Amino acid sequence: MPKIDISLSEDCFTCSVCLDLLAEPVTTACGHSFCKPCISGYWDSNDVCKCPHCRQLFALRPALQKNVILTGIVEKLKKRGLISSLSENYARPHDVPCDVCSARKLRAVQSCLTCLSSYCEIHFRPHRESEALKKHKLFEPTGNLQQRLCSQHQRLLEVFCATDQVCICYECAAHEHRNHNVMTLENGRAEKRSQLEKTKKAVKKSILGKQEQLEEMRQAVQKIQVSAEREVQECEEAFGSLLQSIKTLRSEVTVLIREYQQREVRKAEELIERIEVEIEELKRKDASIIEFLKTEDQIYFLQKFPSVCTHLGDEDPLNINVGGDFLSEALRKNLCDVKKHLRDTSLWEVVKIAQTGVEAPVYSLQNPAFVSRRDLLKYFCHLTMDPSTAHKNLSLSDGNRTVIQRQVGRSTFIHLTSFEQVLCSGSLCGPYCYWEVEWRANVDIGVTHKGINRKKTNEECRLGRSDRSWGLSCEDGRYSAWHNNTRTDILAPCFNRVGVYLDYPARSLSLYSITDKVSLLHRFTVTLKEPLWPGFCIGPASGVTICLLN
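Okay, so the sequence shown: first residue is 169 according to the numbering used here, each after it adds one.
Any given hint could be a false lead.
As a list, the in silico DSSO-like pairs of lysine-lysine whose alpha-carbon atoms are at most 30 angstroms apart [claimed, not checked]:
(1) K218 with K234
(2) K360 with K373
(3) K391 with K378
(4) K472 with K462
(5) K501 with K560
(6) K697 with K618
Note that these hints are calculated values from the structure, not bench results. This structure is a prediction, so every number in the text was calculated from the model and none was measured.
All chains should be modelled from the sequences, with the hints used to inform the complete structure.
Structure below.
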């Protein structure tokens with residue numbers, strides 16, 4: 169079969185309704201061919217019958233007959249691959265559509281900058297055949313062709329201004345950009361391509377550098393994980409060894425007690441068995457005496473009396489320790505020492521000791537029961553009392569560092585009928601604050617939010633009697649810790665100097681008894697939604713002095 173024009177063949181065998189190859193071709197009286205389903209559907213949807221191609225009207229709906237010859241030609245051409253389905257050439261969402269197709273648009277194969285249009289294979293044919301159209305500027309299909317025109321002169325953008333870094337038309341080059349560095353689009357592209365190549369090399373170099381950093385960070389993560397696992401293992405071994413030692417010691421002491429228990433129980437059981445035998449013998453003797461007493465023969469009674477009335481003998485004392493100490497005095501003292509050491513060990517805690525900027529905080533293991541006064545004094549803050557917050561019955565002196573209650577004669581501190589409290593001049597700004605006071609008689613020492621109620625005459629106004637304050641009550645030679653009106657008695661000897669340590673990061677308030685050593689009295693967990701103010705509540709004939717740092 170001779171070679172044919174593929175585009176012409178496709179055009180001849182295309183249904184003008186669906187714009188695809190003819191399927192079940194039928195021909196109308198006007199000579200135009202359509203797919204049978206297409207023309208039938210077209211006529212079904214219209215009130216009159218007319219040719220979709222030439223618009224010829226038919227008085228009656230024509231009877232459609234299959235065009236056998238056209239069907240055979242289409243089938244043969246399809247089998248030989250000389251034509252294909254146009255559905256493959258429909259424009260998809262990402263394709264540039266043909267600007268000429270009136271129905272369903274086909275995919276554009278070329279764009280013309282001169283025409284400012286894009287064409288499918290069928291509608292591009294004139295540009296291939298016409299000598300005049302062959303001179304048009306063609307390029308790969310591109311949307312938004314209007315962007316290739318100068319917005320000012322509506323002429324093609326044909327040169328590049330390197331000075332202003334814009335594409336311009338020749339009109340712009342001759343006027344607005346006359347003294348600028350103007351070059352052809354090709355040269356401009358070449359120049360930008362060279363810059364992109366340099367940028368590409370820099371990007372690749374940066375990628376290599378980042379990949380090296382990434383590998384270093386991955387190795388660092390592995391080292392961190394290995395180090396952490398090693399530290400955890402060492403920590404678990406250390407604490408595991410300590411726990412095992414305690415368990416072993418507990419087992420050994422338990423064994424000693426059990427051995428003593430078994431020994432004493434065995435002795436007691438032997439005594440029980442002996443006593444049970446003696447009881448049986450005594451019961452038999454008692455029965456024989458009862459029987460002997462029934463004898464009426466006086467001579468027989470008197471003759472047998474010496475053998476019946478025998479001396480029972482002295483009873484042996486029960487040599488058994490009931491309720492006594494199972495352990496020796498020395499061992500019991502050793503056990504008390506162990507308990508004390510374990511109690512001290514239980515007080516150890518992890519404490520945040522420093523934090524700078526965004527760096528990870530530094531932690532330390534500390535035992536608050538054995539805190540160093542030297543360490544506390546690092547955070548010493550100089551406080552003075554605020555006269556404007558002092559109750560009228562309080563007198564301030566010594567540079568507002570000492571306060572006493574002027575009124576005396578009230579029976580007890582517990583039943584104060586007025587607010588006799590004073591706050592310090594400034595709030596505690598942290599992160600760590602420490603101060604010491606000396607007190608006498610009956611006082612409360614603590615901290616409070618400034619919003620504490622100062623008008624009432626009940627206990628709520630005293631430090632620690634609400635959820636907004638925390639206080640240490642020193643009265644009648646005893647300590648007690650107060651918060652939210654809950655009292656915690658402190659079993660510790662009273663000394664007249666108390667240290668107060670506020671740790672903002674840990675949200676803790678620690679109170680210490682200060683002598684030749686520092687002893688923890690109590691520790692509160694405080695809320696820090698508002699600033700905290702040091703305060704004192706003074707009882708009758710009582711006073712407080714804020715200490716200076718020597």
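Do the hints match the structure? See the list:
The straight-line distance between the Cα atoms of K218 and K234 is roughly 18 angstroms, inside the 30 angstroms bound, and the hint therefore holds. A distance of roughly 20 angstroms separates the Cα atoms of K360 and K373; the hinted pair therefore holds under the 30 angstroms criterion. Pair hint K391 plus K378 holds up; C-alpha atoms about 19 angstroms apart against a cutoff of 30 angstroms. Distance check on the hinted pair: K472 and K462 sit about 13 angstroms apart at the alpha-carbon level, within 30 angstroms; holds.
Between K501 and K560, the direct Cα distance comes to roughly 55 angstroms. Violation of the 30 angstroms bound is thereby established for this hinted pair. For the hint pairing K697 with K618, the CA-to-CA distance comes to about 12 angstroms; that is within 30 angstroms, so the pair holds.
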